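**Q** These protein sequence lines are chains R and H, in that order.
Its first residue numbered 1, the first sequence is counted upward by one per residue in our numbering.
Its first residue numbered 1, the second sequence is counted upward by one per residue in our numbering.
Be careful, since some hints might not be right.
Calculated lysine to any residue pairs in the SDA-like style (CA-CA distance at most 25 Å, straight line) [stated by the list, open to error]:
(1) R/Lys206 <-> R/Asp114
(2) H/Lys126 <-> R/Phe80
(3) H/Lys23 <-> H/Glu307
(4) R/Lys115 <-> R/Pro25
(5) R/Lys115 <-> H/Glu83
(6) H/Lys155 <-> R/Tyr101
(7) R/Lys115 <-> H/Gly40
(8) R/Lys154 <-> H/Asn105
(9) H/Lys261 <-> H/Glu183
(10) R/Lys155 <-> H/Tyr101
(11) R/Lys115 <-> H/Arg42
(12) R/Lys154 <-> H/Ala119
(13) H/Lys115 <-> R/Met157
(14) R/Lys115 <-> H/Thr84
(15) H/Lys62 <-> R/Phe71
(16) R/Lys115 <-> H/Trp85
(17) H/Lys118 <-> R/Thr84
(18) R/Lys115 <-> H/Arg87
(19) H/Lys173 <-> H/Glu184
(20) H/Lys115 <-> R/Glu83
(21) H/Lys118 <-> R/Phe86
(22) R/Lys115 <-> H/Phe86
(23) R/Lys115 <-> H/Gln37
One-sided excerpt, in silico: chain R residues whose CB lies under 8 Å from chain H [unchecked claim]:
(24) Gln37
(25) Cys73
(26) Leu77
(27) Phe97
(28) Asp104
(29) Gly106
Derived from the structure by calculation, the hints contain no laboratory data.
What you are looking at is a predicted structure, and each value in this text was computed from that prediction instead of being measured.
The beta carbon of each residue, even a glycine, is placed where N, CA and C say it ideally should be.
There are 2 protein chains.
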Amino acid sequence: MITALGGGVGAAKFLKGISLVLKEPLTVIVNTGDDIQILGLRISPDVDTIVYWLSGIVNREKGWGVREDTFHCLEQLERFGVETWFRLGDRDLAIHFYRTYLRDNGLTPSEITDKVSKAFGINNIKILPMTDDDVETWIETDKGEIHFQEYLVKKEMTPDVKGISVKGIDKAKPAPGVIQAIEEARGIIICPSNPIISIGPILGVKGIREALKRTAAGIIAISPLIGGAPLKGPADRLMRGLGLEVSSAQIARLYEDFLDKIIIDEKDAIEVDKIKSMGIETVVTDTVMSNDEKAEQLATRILRLFEEMT
Amino acid sequence: MITALGGGVGAAKFLKGISLVLKEPLTVIVNTGDDIQILGLRISPDVDTIVYWLSGIVNREKGWGVREDTFHCLEQLERFGVETWFRLGDRDLAIHFYRTYLRDNGLTPSEITDKVSKAFGINNIKILPMTDDDVETWIETDKGEIHFQEYLVKKEMTPDVKGISVKGIDKAKPAPGVIQAIEEARGIIICPSNPIISIGPILGVKGIREALKRTAAGIIAISPLIGGAPLKGPADRLMRGLGLEVSSAQIARLYEDFLDKIIIDEKDAIEVDKIKSMGIETVVTDTVMSNDEKAEQLATRILRLFEEMT
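Bound conformation, chain R alone:
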């Protein structure tokens, strides 16, 4: 069994690639710190992006949302003067609706994610939210503290980042199956995700980091940086805001206590020595997943690395 940790578009693209070559069960533990309540709807962006990529209905240009979606409901909502910066497409709305409905009927995020996955015909990858407890990532900016989605979508990553706080993380317990998926895996992949707001919250859930240190599985991370910058998203701004160097070596350092290998892009080959000094092995390759074939190649490479490690 393989287990992955991830959140965001990079993870979803990679999981699509690995789903095409996978011959064994894979569990993905997904960040839920991006979750947000909009007009009473419970939205779980990282789970949904993975569901949309795996089921093939994703809008590939944007990297998230549903292909060829319309925004007729949102256009009407503007009439009411409510906040419409979170661009909810009509086809996309269904998953939020269904989640909110099940949630109001007492189902947990794990139970909901399982039902959603099945409804989208996702069978070879089990999607687990990191926790069934509510956790929300907020960004401290020079203009006050705002929800991560507000920072990302509404403010378009423009405010200066002063700090990050994952509200509720102290009390968050791992969702059922999460610790087991780490303990029983033969290989664990840290997806090419934002280390601060996608992987960071997962590692913050009680017991997950300890399980990663303890597991017998080989652990390989894929750096989300290409030439020292993310392909999209605010990884560089957040890392800089926290006083961290924006580099694949820094990413390795964030995972140093449990990581065996890190895959970095050819454009970051200069980082190899720095990473070696942490006792982490580096694999240099082309990590840009511009299509499914390239994501498949990256996945195949990692699966081969796990073979070599056992």
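Once you have looked at the hints, place chain H on chain R.
**A** Just chain H now, with coordinates in the frame of chain R:
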């Protein structure tokens, strides 16, 4: 001031007509017995139909819903195996969302209806829900008791009607302004609405029937029947199910204790004598509102009748 009581497509068409000729304030007291909760959304069909007609975005062919709407959200919802018989269009969804959101934030149906009306630019007609308490009309059929919307939409009015129960009506208090609108009006119109499930629940709210008996205003009803049958909807089936004759005379009888005049269609002229025997005056005219002009003519006729009565 004029006050109207109504619910359903007939009322909405008539109100559109009167809104085009009106030179004084009009308050409409709307049935909320049709309200239903679908996938966590609070839907108030009679209020919405009036809002859509008055604002001009209604789908005129169907008589309800939003013109040129799409059903992309609903199509996706089918994936989840949830009930999708209530055909929620993408543009239509916005009003249900907004209502549910405000409701969850503690606003009453009156407050919500006021905000919705303003958002749709409706200024010359004040829309009041009959009550701020939750009331739901259920139909006893030969196959068990079902919500009115399920009878109407899902079952397409096919089950035999055995009885009607308006749940919550015993405890329903009139919404703020309802009694005053009846007491202070110079004329009151009972819209061409279903007497059983549109006007019936309004008359069942504590104090409304008494206020109608007490008011100094002239009260004129428009029969919803054309040639002894409704243009659409289940008025005939419901009346028959309750053992009532399906006729404009029967409609007059239902309102006998407070009604001054009833307008009936030319095709029902035969009913005049029967109605006269109740002490109610009949006006016979063409009541089919096939376009705004015809609705305007009907409204103008009623406004003139009020002039004659004072």
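**Q** All hints, please: hold or fail.
**A** Status of each hint after checking the structure:
| no. | hint | verdict |
| --- | --- | --- |
| 1 | R/Lys206 <-> R/Asp114 | holds, 22 Å |
| 2 | H/Lys126 <-> R/Phe80 | holds, 18 Å |
| 3 | H/Lys23 <-> H/Glu307 | holds, 13 Å |
| 4 | R/Lys115 <-> R/Pro25 | holds, 18 Å |
| 5 | R/Lys115 <-> H/Glu83 | holds, 16 Å |
| 6 | H/Lys155 <-> R/Tyr101 | holds, 24 Å |
| 7 | R/Lys115 <-> H/Gly40 | holds, 18 Å |
| 8 | R/Lys154 <-> H/Asn105 | holds, 23 Å |
| 9 | H/Lys261 <-> H/Glu183 | holds, 18 Å |
| 10 | R/Lys155 <-> H/Tyr101 | holds, 24 Å |
| 11 | R/Lys115 <-> H/Arg42 | holds, 24 Å |
| 12 | R/Lys154 <-> H/Ala119 | holds, 23 Å |
| 13 | H/Lys115 <-> R/Met157 | violated, 33 Å |
| 14 | R/Lys115 <-> H/Thr84 | holds, 17 Å |
| 15 | H/Lys62 <-> R/Phe71 | holds, 23 Å |
| 16 | R/Lys115 <-> H/Trp85 | holds, 21 Å |
| 17 | H/Lys118 <-> R/Thr84 | holds, 19 Å |
| 18 | R/Lys115 <-> H/Arg87 | holds, 23 Å |
| 19 | H/Lys173 <-> H/Glu184 | holds, 19 Å |
| 20 | H/Lys115 <-> R/Glu83 | holds, 16 Å |
| 21 | H/Lys118 <-> R/Phe86 | holds, 24 Å |
| 22 | R/Lys115 <-> H/Phe86 | holds, 22 Å |
| 23 | R/Lys115 <-> H/Gln37 | holds, 22 Å |
| 24 | Gln37 | violated, 10 Å |
| 25 | Cys73 | holds, 5 Å |
| 26 | Leu77 | holds, 5 Å |
| 27 | Phe97 | holds, 6 Å |
| 28 | Asp104 | holds, 5 Å |
| 29 | Gly106 | violated, 13 Å |
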